[in-house]
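S.K.: Take the sequences, apply the hints, and build the full model.
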Amino acid sequence: MPIWNPWHGCRKFSEGCQNCYVYRRDSQFGKDSSIIQKTKDFDLPLKRNRKKEYKLQGGGEPVYTCLTSDFFIENADGWRQEAWEMMGLRQDLSFVIITKRIYRFHECVPRDWGEGYENVTIMCTCENQRQADMRIPILLEVPIRHKQIIHEPMLEEIHIEKYLQSGLIEQVTCGGESGEHARLCDYAWILSTRQQCVDNHVNFYFKQTGAMFQKENKIYHVERMHQMEQAHRAGIDYYK
432 MPIWNPWHGC
442 RKFSEGCQNC
452 YVYRRDSQFG
462 KDSSIIQKTK
472 DFDLPLKRNR
482 KKEYKLQGGG
492 EPVYTCLTSD
502 FFIENADGWR
512 QEAWEMMGLR
522 QDLSFVIITK
532 RIYRFHECVP
542 RDWGEGYENV
552 TIMCTCENQR
562 QADMRIPILL
572 EVPIRHKQII
582 HEPMLEEIHI
592 EKYLQSGLIE
602 QVTCGGESGE
612 HARLCDYAWI
622 LSTRQQCVDN
632 HVNFYFKQTG
642 AMFQKENKIY
652 HVERMHQMEQ
662 AHRAGIDYYK
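Per the working numbering, the very first residue in the sequence shown carries number 432; after that it's consecutive.
No lab work stands behind these hints: they were computed from the structure.
Backbone N, C-alpha and C fix where the C-beta goes; we use that ideal spot for every residue, glycine too.
This list has only true hints and no planted wrong ones.
Below are the DSSO-like pairs computed for lysine-lysine, each with C-alpha atoms no more than 30 Å apart in a straight line:
1) 443 <-> 638
2) 443 <-> 462
3) 462 <-> 486
4) 638 <-> 462
5) 471 <-> 482
6) 638 <-> 486
7) 593 <-> 671
8) 471 <-> 483
9) 638 <-> 593
10) 443 <-> 471
11) 469 <-> 483
12) 469 <-> 443
13) 462 <-> 478
14) 469 <-> 486
Pairwise CB distance ranges, derived in the manner of DEER restraints:
15) 623 <-> 483: 44 to 54 Å
16) 490 <-> 593: 33 to 43 Å
17) 574 <-> 654: 38 to 48 Å
18) 493 <-> 665: 14 to 24 Å
19) 574 <-> 596: 16 to 26 Å
20) 670 <-> 491: 17 to 27 Å
21) 593 <-> 647: 20 to 30 Å
22) 491 <-> 546: 20 to 30 Å
M.R.: Here you go:
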């Protein structure tokens with residue numbers, strides 16, 4: 432999976448941030464995750480190898496962007512325009528941006544955004560019902576060509592039927608929480624979201640179980656290396 436992290440570091444923002452994997456990983460190296468800084472890979476989409484070829488090649492998987500921060504975080508306001516310009520130059524690549532800060536959308540898009548860049552998908556994180564009801568209406572309203580929802584970490588059963596009925600959401604992704612202090616993810620919640628997607632003809636992807644996964648009345652402690660594998664083995668992904 433190609434990843435481009437133009438900046439690193441974030442500020443905890445809502446319930447889903449409690450056990451943030453960036454904070455957990457940085458703490459192992461004594462690093463303060465609340466400090467937001469540009470990375471050495473800031474210009475990765477434009478970097479070339481010795482053969483003068485782009486290091487990020489088009490035609491393959493989408494490029495997941497800013498996974499160790501939030502693309503719309505205030506601290507990156509001075510850098511974001513240049514990042515957008517690189518995405519505009521690399522029309523051969525598809526970029527996926529995951530954000531909890533969809534409310535900042537209008538402050539953060541480039542001047543030539545219009546109805547959205549064709550090669551950019553924006554996924555809105557909704558970890559519980561409260562956040563879904565605050566964020567998804569904004570996601571539906573703003574001009575984005577490719578809109579998705581992600582429940583990760585999924586902290587409870589979430590009902591988004593009325594939002595899916597809009598026909599504007601291309602996919603919903605679900606996943607549990609990783610790490611030593613992971614909160615429970617119940618398979619029943621995953622199945623509920625899947626059924627909502629099936630009923631509304633929206634693609635559904637079960638990404639990972641998380642570390643503490645409940646199925647019926649049994650709780651499983653799943654090692655990190657097996658969380659995506661177990662989700663895949665469930666065989667419940669749905670593509671219309």
